[in-house]
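Novice: Here is how the chains run, residue by residue.
Protein chains: 2
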Amino acid sequence: MKKYSVGIDVGGTFTKLGLVAPDGSVIQSLQIPTEPSKGPAHFTRRAAAIVKAWNFGSVGLGLAGGVDAKTGSLLFVPNLRGWTGFSFKKAFSKSLGVPVTVENDANAAVWGGYVVALKKQPHATVIGVTLGTGVGGGLVIEGRLHRGASGYAGELGHLTLELDGPRCRCGRRGCLEAYAGTHAILRAAKARMRRLPSPLTPKAVAAAALSGDRGARAVWDEVGTRLGQGLAGLVLVLNPDAILLLGGVARAGRLVLDPIRRVFAAQPFREPFKQVVLSAPAQRDWGVVGAALLSRERRG
Amino acid sequence: MKKYSVGIDVGGTFTKLGLVAPDGSVIQSLQIPTEPSKGPAHFTRRAAAIVKAWNFGSVGLGLAGGVDAKTGSLLFVPNLRGWTGFSFKKAFSKSLGVPVTVENDANAAVWGGYVVALKKQPHATVIGVTLGTGVGGGLVIEGRLHRGASGYAGELGHLTLELDGPRCRCGRRGCLEAYAGTHAILRAAKARMRRLPSPLTPKAVAAAALSGDRGARAVWDEVGTRLGQGLAGLVLVLNPDAILLLGGVARAGRLVLDPIRRVFAAQPFREPFKQVVLSAPAQRDWGVVGAALLSRERRG
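Respectively, the protein sequence lines represent chains A and B. Going by numbering that gives the first Met the number 0, the first residue of the first sequence is number 0, and it counts up by one from there. Going by numbering that gives the first Met the number 0, the first residue of the second sequence is number 0, and it counts up by one from there.
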């Protein structure tokens, strides 16, 4: 079987494509605009034309939405209107002649983190959190990606932390995303930092915190504490071996890990927290890597 | 292989023992005092002496605490002090000469509900909630009991619903148990019912609600709403096929199911709620049934 796999991480604006080795290293990669208005068939033609030049045995797609793994089509999608129902699995496998796997993008990213950062520790249960504009996630349960009854498992960004908390993009209040998503971080920075960095990004707020800005530190303490509260509940329910923070905002590293650890340390029921390994592995295109590795896994 | 299995549900005060058929029906059963102060070896001798008269191929124990499934001993236990470290697996298999399985009691009960009430629907993901003095639970993930990294999975009674909510027995505030455990139900009944039933039990509060007592109805609405809030988060994370309410308080049936359904219907993100089957199956000794069926499962 061919050694390499292709991973395609399809976002609402940009799509990343990569040729991925079995150990998760990215041999080649590039980014193209998704152009959602031109529809999924047009997208598939463009993406397939690019990867055709590569040498690979399978293709994995990560899509930002609910995915029917059997047909490889989108069931529900916030950012790619008009793309539901189209079988990416069929279209890509017809065009490229290899097995194709289609998965939710956060699930794919978490699978990538499990295989690469945790070296696919056998039978491990892993909670993965993707931190970016949105807060999402995925679960590996005893070494297998948990998709759930209809492919929506892992949507931990909309766990309610406070019923009367800040308004979330989803319409409700007090979701984890309303405390730890990019919008929340920037809003908190505006409220707490005396001198705002320009441009104002989570990365800039992290840099300010690391160089001693008290307001910026308070922002990350709040983000980490809220993540810790949400994750503490999931540790009680799932008793995981590990928690992975992935995505751009996870680059804040210990700024966000330290307050999570403090929340965990303050739990009265210690037992399920004892073995949890909490980490924010060095940034990779986890969506690309994970989709590729998942396609490798599923081609058997 | 012998058709029947023995299930033993060990509580802090009483222990139930039953001879269970493969379909989960209880052929024979009885209850003995646990007598925790006399220690686990004494308990094992008494229990073994009773079941010896029966004809069975395996024994399953459900224990109220964290269980090491390999050694079949308690790791952590709130109500059976001094019982940790004793290998029930070794002691019972030596005494009875059959394979013995030891499991957390809520996990066992949920397994029983999955096999009997859900007819062991293949690959199903099930959230089970045990409602009684404490609120506990267990998870079946794609048809397998999820124990977690150290056997504590399913502890959903201590999910935090409100950081500044009512004090919980665990020392924290706002846990699901602090809203839906027996103590919370009776406290709410005292606050809301004009004429208190005597004796004041969850069963009596349910009877009052069914005969039109407004205060009693408000109690169950609150309990169900809080359960719905906790469960809604878990539906987002686990995308289950079914939710089972088990245990004495689950006999309140639609009094508690209806408000949960209302909370689910009000969720903005509908998809993971669509297929969820929510039920409170008719009361059985789920701990006994589940422990017996699990031992049958694990003997191969």
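Worth flagging that the hints you see were computed from the coordinates, not collected in a lab. Note that this is a predicted model, so its numbers are computed, not measured. Please note that the accuracy of each hint is not assured.
As the list makes no split between identical chains, a pair holds if one copy fits it or if it spans any two.
[What the hints assert, rightly or not] List of simulated lysine-lysine pairs, DSS-like, C-alpha gap at most 30 Å:
(1) K69 <-> K273
(2) K1 <-> K69
(3) K51 <-> K202
(4) K89 <-> K273
(5) K202 <-> K89
(6) K69 <-> K118
(7) K37 <-> K2
(8) K69 <-> K119
(9) K189 <-> K37
Novice: Broken hints, numbered, in rising order?
Specialist: 3, 5, 7 and 9
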